Amino acid sequence: MRMREHEHPVGKEIPSLRLRLSPTFSLQPTGRNRRLEMKAKIIITPKKAVLDPQGKTVQSALEHMGYKGVGAVHVGKYLEVELTGGDKEGARKQLDEACHKFLSNPVIEDYKLEIAD
Amino acid sequence: MNFAVLQFPASNCDQDAVHAIRVLGHSARLVWHKENSLGDAEAVIIPGGFSYGDYLRCGAIARFSPVMQAVKQFADNGGLVLGICNGFQVLCEAGLLPGALIRNRSLQFRCEHVFLKTIAADTPFTSQVPSGKLLRIPIAHGEGCYFADAPTIARLKTNRQILWQYVNAQGELTDDANPNGAVENIAGICNERRNVAGLMPHPERACEALLGSADGRHIFESLFHASKGKAEMRAA
Numbered sequence: 000m001r002m003r004e005h006e007h008p009v010g011k012e013i014p015s016l017r018l019r020l021s022p023t024f025s026l027q028p029t030g031r032n033r034r035l036e037m038k039a040k041i042i043i044t045p046k047k048a049v050l051d052p053q054g055k056t057v058q059s060a061l062e063h064m065g066y067k068g069v070g071a072v073h074v075g076k077y078l079e080v081e082l083t084g085g086d087k088e089g090a091r092k093q094l095d096e097a098c099h100k101f102l103s104n105p106v107i108e109d110y111k112l113e114i115a116d
Numbered sequence: 000m001n002f003a004v005l006q007f008p009a010s011n012c013d014q015d016a017v018h019a020i021r022v023l024g025h026s027a028r029l030v031w032h033k034e035n036s037l038g039d040a041e042a043v044i045i046p047g048g049f050s051y052g053d054y055l056r057c058g059a060i061a062r063f064s065p066v067m068q069a070v071k072q073f074a075d076n077g078g079l080v081l082g083i084c085n086g087f088q089v090l091c092e093a094g095l096l097p098g099a100l101i102r103n104r105s106l107q108f109r110c111e112h113v114f115l116k117t118i119a120a121d122t123p124f125t126s127q128v129p130s131g132k133l134l135r136i137p138i139a140h141g142e143g144c145y146f147a148d149a150p151t152i153a154r155l156k157t158n159r160q161i162l163w164q165y166v167n168a169q170g171e172l173t174d175d176a177n178p179n180g181a182v183e184n185i186a187g188i189c190n191e192r193r194n195v196a197g198l199m200p201h202p203e204r205a206c207e208a209l210l211g212s213a214d215g216r217h218i219f220e221s222l223f224h225a226s227k228g229k230a231e232m233r234a235a
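Order-wise, the sequence lines are chains A and B.
Take 0 as the starting number for the first sequence in numbering that gives the first Met the number 0 and just add one per residue.
Take 0 as the starting number for the second sequence in numbering that gives the first Met the number 0 and just add one per residue.
Here chain A stands alone, though its shape is the one from the complex (with noise of 0.2 Å):
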């Protein structure tokens, strides 16, 4: 099918190359190669007791704007990693581990760790 000219080639097969564009438009291979087989979604938020001026800005704007009902608001981090082995008790084990050594400061924040198959 030939695209028009404006149209973005996102998620289309590009057979000589065997090359998908990702929606960010990087490039990765794709089939037999790829060992990517898990991702670890890591959510971290200020804990309770800490000052958080970033989710009160954010709040008081959407109140100015006129959303109604909007309570307290926490601006936190959200990061993902791609996870190339099939362990996934080992990798939640490790990246566990770095979410309390070094993803977040314990002093200060709070952290979920989900891995999706």
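Honestly, the hints are just simulated from the structure, not real lab data.
Please read all numbers here as calculations on a predicted model, not as lab measurements.
Any given hint could turn out to be false.
[To be verified] Straight-line distance between alpha carbons at most 25 Å, and here's what the computed SDA-like set of lysine to any residue pairs gives: (1) A:K100 - B:R192; (2) A:K92 - A:Q58; (3) B:K156 - A:G70; (4) A:K76 - A:Q93.
Dock chain B against the given chain A, drawing on the hints supplied.
What follows is chain B alone, placed relative to chain A:
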């Protein structure tokens, strides 16, 4: 006295620290973050600025650098370490000081002179601050709001680890004098052993009258004094 001043990618107060130490008649050497040794340094300054883009959190990546492993060992052996601004953040992330530094309550980058009250005078970082003198020293940070949980703050007080608090020109602890929302107006603390300290204000930028204040000298002079005391003890 020989100082090692660390240099991370994006440190920007390293040269100021070296300049201040030299102006005060002592020697300083820049130590690149990939080095494993601090050489013959008698004290270490972790300067302000940024480090490794401060990705994830300020100081979170810098703490894993080779030079920080040497700093940990140096501190464990009783060596004097002073972290200024980003250096304070690195020391907290490294676990060499308790607590953490978070976004300023105002969400603004604050760049101005503040007044500091010295709370504990019996440390290598404060001994030469004249009794009752308020230090007028500049700050320049967006993430300088000191936070620690209530038990940690109680421990800091019991052990007299709070070195400096933000006050107004009259020396009063007020909310208006607190530029970043720090718990208890805390501007700087030390560890329990009293050989590692960190503060958000920049004493190295206040060592010459030409720069608007020379009050930062008292902090460096405290370090010189402590080192002299150590050398005399070794000689005796």
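Quiz item: Going back to the hint list, which numbers does this structure go against?
Solution: Numbers 2, 3 - these are the hints that the structure violates, sorted from lowest upward.
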